[in-house]
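K.L.:
Could you put together the complete structure from these sequences and hints?
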Amino acid sequence: MVGLVRGCLVLVLAAVVSFSVQAQADGLPLLDRPRATGVIYSEVTGSGRVHTDQAWASLLRAGMDSYELAFAWDELEDADGDRNFTGLIELLDTIDQAGLGTYLSLKTIDTTVLRLPARFVDPGDPTRLRDGYSFDSPEIVDSIATLMLELAPVLADRGCFYISIGNEVDTWLAANPAEAFPFAVFAEHARIATHIVEPDLAVGVTLTREALVDSEIVQLMASVSDAPALTYYPVVDGVVLPTSVFASDLDLFEALIGGKQYLLQEAGCPSGELGGVLKTSQSLQRAWVRTVFTEIRRRPRARFVSWLHLADWSDATLDHFLDYYDHDSAAFREFLGTLGVMTDQGESKLALNELIRQVRATSNLGTLRRSP
1 MVGLVRGCLV LVLAAVVSFS VQAQADGLPL LDRPRATGVI YSEVTGSGRV HTDQAWASLL
61 RAGMDSYELA FAWDELEDAD GDRNFTGLIE LLDTIDQAGL GTYLSLKTID TTVLRLPARF
121 VDPGDPTRLR DGYSFDSPEI VDSIATLMLE LAPVLADRGC FYISIGNEVD TWLAANPAEA
181 FPFAVFAEHA RIATHIVEPD LAVGVTLTRE ALVDSEIVQL MASVSDAPAL TYYPVVDGVV
241 LPTSVFASDL DLFEALIGGK QYLLQEAGCP SGELGGVLKT SQSLQRAWVR TVFTEIRRRP
301 RARFVSWLHL ADWSDATLDH FLDYYDHDSA AFREFLGTLG VMTDQGESKL ALNELIRQVR
361 ATSNLGTLRR SP
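Quick note: the sequence shown, position 285, residue 285 per the working numbering, numbers continuous.
By construction, these hints were calculated from the structure, which means they are not laboratory data. Take these hints with a grain of salt, some might be off.
With beta-carbon atoms standing in for the labels, derived distance ranges [to be verified]: (1) D32 to D251: 24 to 34 Å; (2) A247 to S283: 13 to 23 Å; (3) S314 to G258: 37 to 47 Å; (4) D78 to P153: 14 to 24 Å; (5) D131 to E347: 43 to 53 Å; (6) G124 to R298: 43 to 53 Å; (7) F181 to L149: 21 to 31 Å; (8) G87 to G258: 29 to 39 Å; (9) Q54 to E273: 33 to 43 Å.
Positions of the beta carbon are idealized from the N, C-alpha and C atoms, including for glycine.
P.N.:
Here's what the structure looks like:
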């Protein structure tokens with residue numbers, strides 16, 4: 001009986017997809033302000049914690065009003081299809097009680113890794129689907145659709161205004177190009193299922209800056225998004241790019257996605273280490289903070305901007321991510337390890353005060369607060 005019901009659901013959603021349901025005219029109806037701002041929190045232990053807590057409080061006073069929360073599909077649903085939202089709900093409630101809206105990055109693809117329930121993933125290789133499966137396989141699209149039917153009301157009730165249904169998907173799809181259209185079908189099923197129960201909860205797909213060279217993948221993913229999202233890390237071959245590229249990159253992205261609104265899920269720039277291998281500096285990181293927020297304020301279609309992140313990760317956290325992405329090089333470690341506007345000991349970098357100023361300006365629609 002369960003299998004029959006699920007099969008019928010897939011047929012119904014497939015019929016809806018065949019009629020080319022259009023994304024909402026107002027791509028983000030639950031975002032009740034022209035633009036939302038966020039900074040991703042990173043925990044510092046020991047005596048430095050007091051300084052990061054003070055910085056976080058300053059960002060809140062400056063008007064930071066949203067938070068990007070990342071959670072994986074396989075953290076919500078086990079190999080047998082049993083679902084448990086407890087951990088996610090606890091985090092959503094914490095964010096909501098802090099007065100922040102939630103941008104949920106629901107990881108299905110996570111850059112190079114698959115985060116689907118284990119029954120769909122190659123047990124020996126987390127970057128591959130299990131043999132016999134594609135993203136548009138009935139079992140997979142049925143599972144994501146039924147997940148969203150159950151999850152969407154939970155999210156909307158707790159201040160979530162957007163769901164990214166895959167993180168930096170172009171990276172994985174570049175290595176698996178035959179899955180591009182199947183993933184678009186998968187994402188569209190997730191979007192439609194969400195709208196059945198929560199019509200105003202926006203759903204989209206997140207791409208990287210590197211995707212901008214592939215107009216077809218950007219346009220395809222934008223076509224199944226109420227509003228597409230972008231991550232932006234201006235580093236090429238160990239060199240941080242000049243800030244002048246940002247405006248032209250956004251011009252290109254806006255042209256490729258038609259008239260749709262969009263979200264900057266994450267922007268970040270490493271400050272580098274003294275004597276390190278990256279060509280960057282604290283001054284360049286500060287310049288990128290200023291450029292990103294200033295440029296976003298000029299663009300009415302850009303509805304959300306979030307900076308990654310508050311403080312550098314610890315060595316233990318870096319080890320975890322290097323293992324997770326199966327990529328260990330001095331340049332990548334320095335990149336991941338210096339993205340904070342504070343050190344992992346809670347010491348301020350040059351970019352911290354700039355970030356607070358830019359959050360204040362952006363949260364107030366481009367005008368700095370004045371003292372009474």
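K.L.:
Work down the list of hints and note, for each, if the structure agrees.
P.N.:
Against the structure, the hints come out as follows:
1. D32 to D251: 24 to 34 Å: At roughly 28 Å between Cβ atoms, D251 and D32 fall inside 24 to 34 Å, so the hint holds.
2. A247 to S283: 13 to 23 Å: 20 Å, holds
3. S314 to G258: 37 to 47 Å: Roughly 42 Å apart at Cβ, these two residues keep to the hinted range, so it holds.
4. D78 to P153: 14 to 24 Å: 21 Å, holds
5. D131 to E347: 43 to 53 Å: 50 Å, holds
6. G124 to R298: 43 to 53 Å: 48 Å, holds
7. F181 to L149: 21 to 31 Å: Once the Cβ atoms are compared, 24 Å apart, the range 21 to 31 Å for L149 and F181 holds.
8. G87 to G258: 29 to 39 Å: 37 Å, holds
9. Q54 to E273: 33 to 43 Å: With a Cβ separation near 25 Å, Q54 and E273 fall outside 33 to 43 Å, so the hint is violated.
When each numbered hint is compared with the structure, a violation occurs for hint 9 only.
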